[in-house]
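Visitor: Residue strings, one per chain:
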Amino acid sequence: MRYAMLIDTKKCVGCSDCVVACQNENRVPIGYCRDWVIEHAKGTFPNVSIELRSERCNHCENSPCVRCCPTGASHYEEGGLVMVDRGACIGCGACVQSCPYNARYSHPDGFVDKCSFCNHRLEEGKNPSCVSVCPTSCMYFGDIDDEQSQLSQLLKNRTWKVLAPEVGTKPQIYYLT
Amino acid sequence: MNEEILISGRMNPHIDPTLGIWGWEIPLYLFLGGLAAGILFFAALYSLLGKEKELPTAVRKATFLVPVILMVGLGALFLDLKNKLYFWQLYTTIRIESPMSWGAWILMLITPLSMAWCLSYWRDLIPNWTWQVKYLEWIEEFVQKYRKAFAWTMIISSVILGIYTGILLSAFNARPLWNTSILGPLFLVSGLSTGAATIMWLSKEKLERSLFSKIDLLLIGIEVFFIIHLFMGFMASNAAQIEAAQLFLGGAYTLPFWGGVVLLGLVVPAILEVMELRGKHIPVAFPAILILVGGLVFRFIMVEAGQISQYLY
Amino acid sequence: MSKSRRDFIKISALGFGGLVLANPILNTMIGQVQAGEPMDASQFKRVPTYCEVCFWKCAGWVHTDEKGELWKIEGNEDDPHCKGRFCPRGTGGIGMYNDEDRLKSPLMRVEIDGKQTFKEVSWDKAFRFIADKMNQISEEHGPESMALFKHGSGGAHFGKLFKAFGSRNITAPSYAQCRGPREVGFHATFGANINSPEPVDLENTKCLVLIGNHIGENMHNSHVQEMSKAIDKGLKIITVDPRLSTAASKSKHWLPIKPATDIALLLAWMHVLITEKLYDKAYIDQYAYGFEDLEAHVADKTPEWAEKITTIKADVIRETAREMAFNAPATLIHPGRHVTWYGDDTQRLRAMAILNALLGSWGRKGGFYFPETAKVPSFPHPAFPSVSWTWKDYLDGKYALAGSSIANVFVDATHPDNTTDKKIKGWFVVGTNLISTIPDTKRTLEAIDNLDLFVVVDTMPMEITGYADIILPECTYLERYDDIRVSPNREPNIAVRMPAAKPKYLTKPSDWIVRKLADKLKLSSYFNYKSYSEVLDWQLKQMGHSLAEMQEKGVIKFERKHENLYLEEGEEYEFGTPTGMIELYSTDLEMEGFDPLPNYTPHPEPPAGYFRLNYGRAPMHTFGRTANNPNLNELMSENKLWVNPKIAMAAGIVNDQEIWLENQDGIKSEFPIKVRVTERIGMDNVYMVHGFGKSNKKLQRSNGRGISDSQLVTNVMVDPVMGGTGMRGNFVKFIIDKPEREEIS
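Chains as they are written, first to last, in UniProt numbering: chain A, 1 to 177; chain B, 1 to 313; chain C, 1 to 745.
It is worth saying that the hints were derived from the structure and are not from the lab.
Only true hints are included.
Lysine to aspartate or glutamate pairs mimicking EDC-like chemistry, simulated, CA-CA at most 20 Å apart:
#, chain 1, residue 1, chain 2, residue 2
1, C, LYS45, A, GLU124
2, C, LYS640, B, GLU4
3, C, LYS229, A, GLU51
4, C, LYS674, B, GLU4
5, C, LYS236, A, GLU51
6, B, LYS82, A, ASP85
7, C, LYS646, B, GLU3
8, C, LYS674, B, GLU3
9, A, LYS126, C, GLU77
Computed footprint of chain C on chain A; a stretch qualifies when at least three of its residues, placed anywhere within it, have a C-beta under 8 Å from a C-beta of chain C:
#, stretch
10, 15 to 27
11, 41 to 53
Computed spacing ranges between beta-carbons, pair by pair:
#, chain 1, residue 1, chain 2, residue 2, range
12, A, GLN153, C, LYS674, 39 to 45 Å
13, B, LEU218, A, ASN119, 51 to 57 Å
14, C, LYS252, A, GLU61, 33 to 39 Å
15, A, VAL162, C, GLU563, 48 to 54 Å
16, C, PHE326, A, ASP146, 34 to 40 Å
Yeah, the Cβ is synthetic: ideal placement off N, Cα and C, and Gly gets one too.
This is chain A alone, in the form it adopts within the complex:
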């Protein structure tokens, strides 16, 4: 089993609901966030197009943050989740440097924090809060190893991309384009 997230940029309207929902759900302090939205505009008026992307930790299969962590605080969990053990994190910042997505931040309480795919919700059989709240339902969450999952089907039938593949992290957030 490997958890993955898929975001349909054709449906995302960039409303940032995912950001607020995550902030409340995970009690991310005001002034910080675990996810964010990017707008990419290309072309010249009136031949312009935009892509909207909700971004967060990619829970990479080959996570540089896990590799760089000197204490093992950053680690893999079931389903390929990349997690931070707050009690083992010394706040050295190595993982923050190692992440090409800038997905990690230094929590005011000292440890490094990032998206957890809401693993406390996964345990209850729920989707991550960003996926649950998304008004356009442009986000999908599931097991990429399960060929029958909606996520796998969409990946099979649509064109997609991942971010910064050249860094070799094997990110697990896919964007339908």
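Fit chains B and C to the supplied structure of chain A, relying on the hints for placement.
Guide: Just chains B and C now, with coordinates in the frame of chain A:
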């Protein structure tokens, strides 16, 4: 027009608008680590070559600085930690893939090593010293007895330490500027060069000074070669690395790097040293200080610019 | 500048916050924000609510944690407004509760050493003051001279108070400043209002036409959701907008029209549909009145004619018309919401209604469905006294087609230049910041200066509070009961709001404020209950339910009792128009002396060096109400001015540079605005999101961040049909250097 912007107002401290999770602490730590590695390397090397008498500064005197340098360096690393009370977690595990981990361990090894080394020469400093604590005397005797083995351990660990200061950065291939294997050797050579400069500065012996002057010239030459190689590598690489190199080739770091590090920190001291070797009277502190400051600035620039360089937007 | 009776009080009031700064709740709240992962889930509770951040009123659950602190708000799965998913503003509604800049205590305007300031007073003193003044106004001018401006659920309670007091002069800026022309235009055509939520069958739509309507930037929740579902099913979108809106970016056809020429495009579309016989002939034959008139009317409105006006290529007009016809009747010309643009808005909306009629989309799957509303009995109260005049009498026959009261007319009736005997002397403003909702602020302020009593009820120190005699701090929707939500939808449904936390500081719910004030006015017989929960429980029990049940369910849906959702094939149907048919040719408009068929009239264009000022919405904010919300402010703390790169280059301005704007009347923006250089906008207009540039310093997070478009809207084009205030005819130029301005004391 290509416009890629954050529209959800992300403003994580030290991450946005550009990454700056590491401030002054880490570059200082890297500089001091390199400097300590340089001094210890030459001390061990010439001890093994049996030049203890001819090169007293290199083998003995300069090493007295090393424990202090390492303590300050470790202090800087400690200050960088945001979860300071969990510092000990570093020493509950060895993580081979994490440079931060084996850096912490190598420092754990080399710091007592350097202290013991100093201890064995303590009576150089205060000839009639008597140890109040028995086992310190025992250490002194132990080191004197097994100096060769000690020197070997020290030479190996100092090279590891020197390379480590560069690898710490190059392990982060998320930062295009650091994503190159040259950083390890480059930082090692730079560290050796600052070490040599320190020995040269401290030395009162003419022979020793001119030897280290020559060593320094050689190291500067290698360093310049590495730097050119570094940028050639970037320019032949992907867009992100070309963009990273642009920071130094017309971008914000052009003047500090080429003016501050390469010219003032390498070329000018090299010229001064050549002049001195040719008999001109140049106060030795001049080139030494330039090299040391150059080495320090080099690390500050590399750490800061590396954090700015990005693969995404 | 002559001294005003009501100086705007900017700076912190006397003792402001003194009572509350030591509030322990505030401290625990700060602690709560820092807490780690959610803890013992068994301690968590949820309370039903419906959202009050915008008018969509989505039903959801407020979750509290093990300490009883508010944790998060989530949508109610059974609610047709949100389908279990709140929008960013609703999700961030928790920030309304946590905002430390909230109004905390009743405040009264006093003069100390010649300087006006606010002083904290007790609720009782505030009520006594207000009741005295109201009685005085009633004696001198009659109770009708009291007027109420309202928005949102709190206003409903005050509406009852006003009716009991003897005034029907009750209004909301959401009509004449927003959706009024749409109601009149569609009512004239189909004999039915659009109302809210709009009965558009988006999830089944195959071709969606958006005219200056920004679904996705407006977060009209269920519409955004349904549009997305329709995209999955291959929805074709045609967007008419001078700017590449988010919706435009999802569109098959984006028509970057020259602003203010929409009616020409709509007429040309009708021309294509009729001349190419693409319209729904059977539907038109059976239901429509005046087709021949329309056919003759648009005979010369060719795409080539429209191309010269709109800059949209004739073949694009033809292609898009055919796309609409191909997908009809599941083609929806969305009526939009904020439609007060150029003063001929009723006619533009009429044109949109006619286009819908030609495509046969009214009462059809994928077009407009017939909504149904649940019936909720009113809590018994004595009959309200009759009144001797209302705003309609003041208008004396003008704007006869307006189906609702016109807020700017209330300003006129208050203004010193009102020479009639129907004068308004006292205002209650509840939950609406008139400074940014009604254009021509200067006139509004002149009216305010002519009042004998001015009461503002709000949760936040919005600009309007600075002019009040008395400010009453209302608690947020998370801390109170309100009326049962009833709204038209596919299935009739109701939702309740219950308090999830105790009112913070000294704030109170509107129903409490109204009851206490009614006591002082000797009107308590109209409010015969101790808690609003009694009213709700009584109403629910009449319907065979109870408040206890609603606490568990939040939302209840009912079976439809009346007509079908859509028209059956060939079904006999009587429309609510004078002819009982879909009036392509409007007899209502004809009778009132207006064009019975819409005409294109050219509008002024920006002079050289000026750009048309367009404003719109961001999905994370609503009106000006959320700019200070800590959660939402973080997403977007200021608005930026969208400028085309060529214009920016010519003007020598760059991204993120701060500039000021000056409009055609010489009005300068109070604050600077940062520039966003973007290809998403053309060269004849600039754009910003509405609701920023707060001038009240008590709004610490939003004060001076970005600018207020409302300040620059001084040219107001009033719709002759229904009195709507057209606000898109203002032109601005850039000011690079900080303008000097006289200090306003």
